[in-house]
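Chains A and B are the protein sequences, given in the same order.
Counted the way the working numbering counts, the first sequence spans residues 1 to 200.
Counted the way the working numbering counts, the second sequence spans residues 1 to 200.
Source of the hints: derived by calculation from the structure; they are not laboratory data.
Among these hints, one or two may not hold up.
With the Cβ distance kept under 7 Å, some of the chain B side facing chain A (calculated, not the full set) [to be verified]: (1) M1; (2) I4; (3) L36; (4) N42; (5) R47; (6) W94; (7) P98; (8) M130; (9) G143; (10) V157; (11) N165; (12) L168; (13) L191; (14) S192.
Covered stretches of chain B (chain A as the covering partner; in silico rule of three or more C-beta atoms under 8 Å from a C-beta of chain A) [claimed, not checked]: (15) 16-26; (16) 57-63; (17) 67-73; (18) 132-141.
All residues carry an ideal CB built from backbone N, CA and C; glycine is no exception.
Number of protein chains: 2
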Amino acid sequence: MDIIDAIKQRRSIKSFDKNHKMTYDEIKQILELAVLSPTSYNIQNWRFVIITEQSIKDKLSELSHGQQQVSEASLIIILCADLNSWNKHPERYWANIPEEPRNALIESLKKSYKDKVQLQRDEAMRSCGMAAQTIMLAAKSMGYDSCPMKGFDYESVGKMINLPNDHLISMMVVVGKKAKNPSPRGGQVPLSELVFTNKF
Amino acid sequence: MDIIDAIKQRRSIKSFDKNHKMTYDEIKQILELAVLSPTSYNIQNWRFVIITEQSIKDKLSELSHGQQQVSEASLIIILCADLNSWNKHPERYWANIPEEPRNALIESLKKSYKDKVQLQRDEAMRSCGMAAQTIMLAAKSMGYDSCPMKGFDYESVGKMINLPNDHLISMMVVVGKKAKNPSPRGGQVPLSELVFTNKF
Chain A
1 MDIIDAIKQR RSIKSFDKNH KMTYDEIKQI LELAVLSPTS YNIQNWRFVI ITEQSIKDKL
61 SELSHGQQQV SEASLIIILC ADLNSWNKHP ERYWANIPEE PRNALIESLK KSYKDKVQLQ
121 RDEAMRSCGM AAQTIMLAAK SMGYDSCPMK GFDYESVGKM INLPNDHLIS MMVVVGKKAK
181 NPSPRGGQVP LSELVFTNKF
Chain B
1 MDIIDAIKQR RSIKSFDKNH KMTYDEIKQI LELAVLSPTS YNIQNWRFVI ITEQSIKDKL
61 SELSHGQQQV SEASLIIILC ADLNSWNKHP ERYWANIPEE PRNALIESLK KSYKDKVQLQ
121 RDEAMRSCGM AAQTIMLAAK SMGYDSCPMK GFDYESVGKM INLPNDHLIS MMVVVGKKAK
181 NPSPRGGQVP LSELVFTNKF
């Protein structure tokens, strides 16, 4: 599928065919593409919790104000991030480069993130945002639709997925076979109010 | 361009043809696609500051530890967000839907974001992350390459672009004609360490 078409046709879908099952290969393909999304210093800070079991999807739907797309979707991806990925064997992020530039990168990386709690969190959200859009566009090209979500009980979902203390949940993306077309786009702010040249 | 190919071939490029100029229509197309990226409650909280003037690119390069891709790229997009977009005429985000559901959405939106300073910031980073990936993939399909960046002096760049008090800068994306191929990917963490089923 052409990328421009995928960007234009991607919409947040609220109703999926509950009986459709995605294959293992399809799910793997989406995740293999997701991890080609960029991250700062290549820290690959995202962690993806995938759910396809109906009983868990139903529970997650309850924790999402009962939103039906969560129980109806074929696949739920909870996009989390490891806030300390910058400090967990960073040499693996540049395994393929010579030792000298690698060591310089590691030093710079640690200096950038050490004790910078807000920056670590910003990085989690940025990385997961980029990966989420990759997932949604990849899904589109495979004949699926998606819905990005943050309207759920983060604390309860965190407990449910056994979220480690130094991780956080950024958002959720549900993927499945669309059961109902979306309404036309709700209301687009004109480009002239969103784009500025040189400065505000 | 096929979307799977675009996702696979997109790399962070560090050297661009400094003499290449993008047309107004090309820049407009990228921005028109960027604003089709999803945002929570359709708040369209991103704001895009675009820069093509050489003197400003050079200044931004200085503020980015001298990174040459900033001065060489044809287009710099500084992805900012309005932290209060949820409270600025939210009725326009659902102009096309009936009044009753629109009012319910506005009430829910305000309840979600009012006084939630960290959430407003998270939303800025998530929204800009998704839009950044749209920009980078759209650029790829138009024969361009890109580099997402956060390694710059946020405070000085904020002053330079006259960033309003209730906005923040999430990141920068530079776009241009690639002058040098990137090295092979530095080191990919195996999927098995990034993906979890049902829980960690």
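Here is what the structure says about each hint:
1. Given hint, M1/B at the interface with chain A, holds; its Cβ is 5 Å from that chain's nearest Cβ, closer than 7 Å.
2. For I4/B, the interface hint holds, the least distance from its beta-carbon to any beta-carbon of chain A being 6 Å, beneath 7 Å.
3. Because the smallest distance between the Cβ of L36/B and any Cβ of chain A comes to about 6 Å, under 7 Å, the interface hint for this residue holds.
4. Contact between N42/B and chain A, as hinted, is supported at the beta carbon level, the nearest pair being about 5 Å apart and thus within 7 Å.
5. This hint holds: R47/B has a C-beta 6 Å from the nearest C-beta of chain A, less than the 7 Å allowed.
6. Taken as an interface hint, W94/B checks out: its beta carbon lies about 4 Å from the nearest beta carbon of chain A, inside 7 Å.
7. Against a cut-off of 7 Å between C-beta atoms, the interface hint on P98/B is violated, since the closest Cβ of chain A lies about 10 Å away.
8. Satisfaction of the interface hint for M130/B is found here, the shortest Cβ-Cβ separation to chain A being roughly 4 Å, below the 7 Å cut-off.
9. For G143/B, the suggested interface contact is broken, since its CB lies about 12 Å from the closest CB of chain A, more than 7 Å.
10. For the restraint placing V157/B at the interface with chain A, the shortest Cβ-Cβ distance is roughly 10 Å, beyond the 7 Å limit, so the hint is violated.
11. A cut of 7 Å between beta carbons decides the hint on N165/B: the least distance to chain A is about 11 Å, and the hint is violated.
12. At about 9 Å, the closest approach between the beta carbon of L168/B and any beta carbon in chain A exceeds 7 Å, and the interface hint on this residue is violated.
13. Using the Cβ-Cβ criterion of 7 Å, the hint placing L191/B at the interface with chain A is satisfied: the shortest such distance is roughly 6 Å.
14. With its C-beta approaching chain A no nearer than about 10 Å, S192/B sits outside the 7 Å limit, and its interface hint is violated.
15. Only residues whose beta carbon comes within less than 8 Å of a beta carbon in chain A count, and the segment 16-26 of chain B has 0; fewer than three means the coverage is violated.
16. Coverage of the segment 57-63 of chain B by chain A is violated. Counting CB-CB distances below 8 Å, 0 residues qualify, and the rule asks for three or more.
17. Counting residues of the segment 67-73 of chain B whose C-beta sits closer than 8 Å to any C-beta of chain A gives 0, which falls short of three, so the coverage hint is violated.
18. Here the segment 132-141 of chain B counts 8 residues with a CB under 8 Å from a CB of chain A, which clears the bar of 3, and the coverage holds.
Hint compliance for this structure: hints 7, 9, 10, 11, 12, 14, 15, 16 and 17 are not met, and every other hint is.
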